[in-house]
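**Student:** Please construct the entire structure, taking both the sequences and the accompanying hints into account.
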Amino acid sequence: MSRALAIAGLSLRQAVRSRALAVLVILLFLCVTALPLTIRGDGTLSGQAQILLSYTLGFATLILTIAGVWAGCAAVSGEVRGRQIQLLVVKPIRPLEIWMGKWIGLMALNGLLLFLAGALVYGMLLWTTRPEALDADQRRRLREEILVARAVARPDESGLEEEARAALESERAAGRLPAEADPQSAYQTLLRLRRLHFYSVPPGGVGEWRIRLPAPPAPDRPIFLHFRFSKSAMDLEAIAGQWYFGSATEARLGTVGAWPPESPQTLPVPPAPFLGEREMRIAFANTDPSGATIFFSPDGGLEVLMRRGGFAANYARAGLLLFIQLAFLSAVGLAAGSLFSMPVAAFVSLSFVIVARAAPYIGAMAEQRRYFSDAPGAGLAATALDAALRVVFRMLRAALAPLRLPDALDLLAGGRWIPWSAVLSAAASHLALYGGLLALLCAAALRRRELGLPE
Amino acid sequence: MISSDSLLIEARDLVKVFRDFWGRPRVRAVEGLSFVVRRGEVFGLLGPNGSGKSTTIKLLLGLLHPTRGRLRVLDRSPRDIRVKARIGYLPEESYLYPFLTPEETLDFYGRLFGLRARERRRRTNDLLEMIGLVHARRRPVGDFSKGMARRVGLAQALINDPDLVILDEPTSGLDPIGCRQMKDLLLTLARRGKTVVLSSHLLADVEDVCDRVAILYNGRMQAEGPIATLLEEQHVTRLTLPPSTPPAAVAQILEAARAVLGGEPNVDHPRRDLEAFFLDVIAKARASAAGASGAAEGRAVARYLAENDPAKRSVEPPPDARERLRRLTTPSEPLPPPA
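Going down the list, the protein sequences come from chains A and B.
In case it helps, this note's numbering puts the first sequence at residues 1 to 455.
In case it helps, this note's numbering puts the second sequence at residues 1 to 339.
For the record, the hints were derived by calculation from the structure and aren't laboratory data.
Ranges of calculated distance between the beta carbons of each label pair, as one might list FRET restraints: (1) B/G23 / A/P402: 30 to 38 Å; (2) B/R118 / A/L437: 33 to 41 Å; (3) B/R121 / A/W420: 38 to 46 Å.
So, partial list: chain A residues that the calculated Cβ filter (under 10 Å) puts toward chain B: (4) A6; (5) L10; (6) R13; (7) R17; (8) S18; (9) I85; (10) V89; (11) P92; (12) E97; (13) R448; (14) G452.
By construction, the Cβ of each residue, glycine as well, lies at the ideal position given by its N, Cα and C atoms.
**Tutor:** If you want it as structure tokens, here you go:
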């Protein structure tokens, strides 16, 4: 371990003495201080705070990601090119120690820079939201909705799976399920339909959901309903309706109003009806005059948020998640640099970063069945191409799925609780498991590689 | 018969073929090379550029893997970490980190050998003194001349007090003083029981310090053996008279030789080599100019390297080296007249 730490110290020393680090620090400083001035928010202080948390910290993380991957690529391939590695590997040090030392050095550097950027953003956040700059309502909103860590609770869907299974049996018994149909695929389709139905409210109807709260409501733990819906009609007029909030046994009228479709909405929930209870009922009466059916998005279109903890600790956990992400990506760069020359390593690892960032798009594409064969006049070739593309997208989705981490910045900007379990799980998977696998792979490659080859 | 435990390096029928990206053979750098290096020996690999010297050295260090053949270093594979702990290596170019100072460089490599901080400090100080770079210990190596960087490279090769020292073109980039110091150091190491393998295309380097040499050409062994045996001309005899011999005695001896040989014997005066003359001139010049911009005069060997000398417990340079060092360190002594 002491040899790995010697290598880590060397990497840090190299970074500290290079001009690149000074440029990076200046770039981060400019990003954190100047970027908020160039982005127009919604004019509110809470909007400005969200810009700082989401865009500024996001851009700083992007800069650090690119720098970390680049530094990772150069860490080994640069030494192979400069031949310093020849003097290193003839010493009594194992390839695994060299790799781990380089990674620890990169992680320390990433950690320092992220801490610097995070501290700057936090400082600006405190300055922007200083009490004397806000009125009472703004202060309350910031305290309750943004500079807070809120737990999220969603409607209980536990009965849906049972319903989907029963429907599958019923279809099968009625002989409506084709013999060649895949039962699992049919079940998933039925479950999806059940969920869509569960979150839809017909015209003049009432949708009702039960939600188990993370803690009993209390006066110091305000509750908010977060929803996003759409309607079957093609217009973009606000959707009229009535919200009811209540305990498990009694529902009460909460709010009457109209809300624009396709945009996230937040409503304060009066805690009085269910103080001290862990379960609440919410209902929505569709009174929209258009006669359209209302659809809440099954994926986070209906949520209840409740204060769980303070902002500073949540900010620290978000920082840890970002650090784990940066450390993993620098390991990818380091692995590429251990296997390939610098230009190839940079191409491979930056491609990986881009593909990993496009994971949601890849997931959506993998769900699609047709890409080209829908076009008029598309022939057999288009169908074959569709099949091949689907396989590629599914393979990519399967490969990227374990690499997905919670979007720390999105959660932070939405004032949502980042659980310690998410941080620990990310550390276990991305640092211990994947980092360890990359370390072993690269150590084996370095052991086999002839580092004294002439150019 | 050589006992196997006296062999530090054993190479049998080594072949190294460099291949291109597609795995096709490109160059046969070493072809059927066999040799042994015994404990305490200074072994030279001699040959023109491209003869396979550096490839052989990289095979010994595990930086390249033999295509065929058997290679044992310290009775193990050269890639064994226990072997690496006992080797000191000076590459052909000093592949040092340019952002580190000599002090940091030695400390870093010392840490890789698992030396404790106190021991690293002691050895670093000793080695910096030996290579004459105490005054530049906090300057980045990247600012150094090639010769100064080479000295740092040598120091890092000795930080672990190695049993086997492998030097690729050790005098490359060094001035004549540095060359002489390098040779004296090698002799000192050999006398301490260290084994030294060096490669060079400079014949004088090898002749001065090596016990045995192998001459390579096109990756093949052309000749191998002790220097004295290889260079000895059995059919020629040289008679050297002391400087105090009276001219009349010389004339008498020549006359007798003519009578016995029935012809004129070859008569000439011995000459000092240019290196010895150069060292004398520099010693004189140093007396009048105390400051030096590059490497200062160092000690012959680092203290810690001299500590365990089995022969003397304190390092004594060999007689010719001792004389040269004496003249370098006492510049006020008048230079002898040129021959």
